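Colleague: Sequence:
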Amino acid sequence: CRWVLWSWPTAAPGLGCGVAVAWHAWLYFPPGVAVGSDRVARLDRVTHFAHVYAHVARPLYPHKASTQSVHTPQGTPVKAGQSGGGAAAAGGGAAAASDPAKVFTRLQGVAAKLAIQNIDTDMIIPKQFLKTIKRSGLGSAAFHGLRYLDDGSERPDFVLNQEGYRNASILVAGDNFGCGSSREHAPWALHDFGIRAIISTSFADIFFNNCFKNGMLPVVLPREQVDALMEDCDAGKQIDIDLEAQTVTRADGTAYRFEIDSFRKDCLLNGLDDIGLTLQKADKIAAFEAARAQTAPWFDNAAQEAIAA
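Under this note's numbering, the first residue of the sequence shown is numbered 50, with each subsequent residue one higher.
Where hints are given, some of them may not hold.
[What the hints assert, rightly or not] Derived pair list, reagent style DSSO-like, types lysine-lysine, alpha-carbon separation capped at 27 Å: (1) K180 / K333; (2) K176 / K286; (3) K314 / K333; (4) K330 / K314.
If you're looking for bench data, these hints aren't it; they were derived computationally from the structure.
Remember, predicted model here, so these are calculated numbers, not experimental data.
When you get a sec, could you build the whole thing from the sequences and use the hints?
Modeller: Here it is as structure tokens:
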């Protein structure tokens, strides 16, 4: 007698593009039947595992209350029955799904100039700081090799250590910003430091995408416009970035228009990340789970047993 754990992904009907669940099942193959055969295999137990995040904490299956602690990626235990203002509370509304910390509409201030080409992610956040999975607390390590001497003291010649630029929320940088390894800690560190927008002639693709997921705006402009903005940085002049209008305006009133994907623009304006986008479909998710509870209740039972174990 042989038991084999079989796993397969399947689409979740009605939840929209990119939404799927994974099923896991124990299959029983009697003697004489090859493992993997479609003959005589009997489905014995099906389990469905799910993650619950702190801001969507709720009973996985409302008709069966749970008192088990569910640990979020941040490591904070949250009772599954507590309301976290998530899917159950959101009811599919954008307001509950939005993260105010990631809303980007307009940004004004003095920008810091980093006239360095090919600033890679190891320069932004060195490898020794990658052990954490928390998005906060990395600001002090941003540009660590550029900001600090070997004894830990600040380099006085680094722009972010100079008065007038310590609290800069805009960077104007050299070409190919964010190249190197695909560590999301890089935008985490910049955001935690206080950077909300980066202007350059080009960005590495993965870093560029990760900026939008973390409430930051990467702006691509032609070389001559970036050079002009760097001159404003040296003079301590303010820069105005208007996402709605898609413009970067200099202190003298000169405006440069930038392009941005309409979907990403909408996400930034409304403070939506991947989880927030999913919560907008909370009503459809709840409807799917309710329908499944009626047609395949054994899935819910097995999941509850797995959580309790």
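Colleague: Which constraints among the numbered hints does this structure fail? Numbers only, ascending.
Modeller: Hints 1 and 2 not satisfied by this model.
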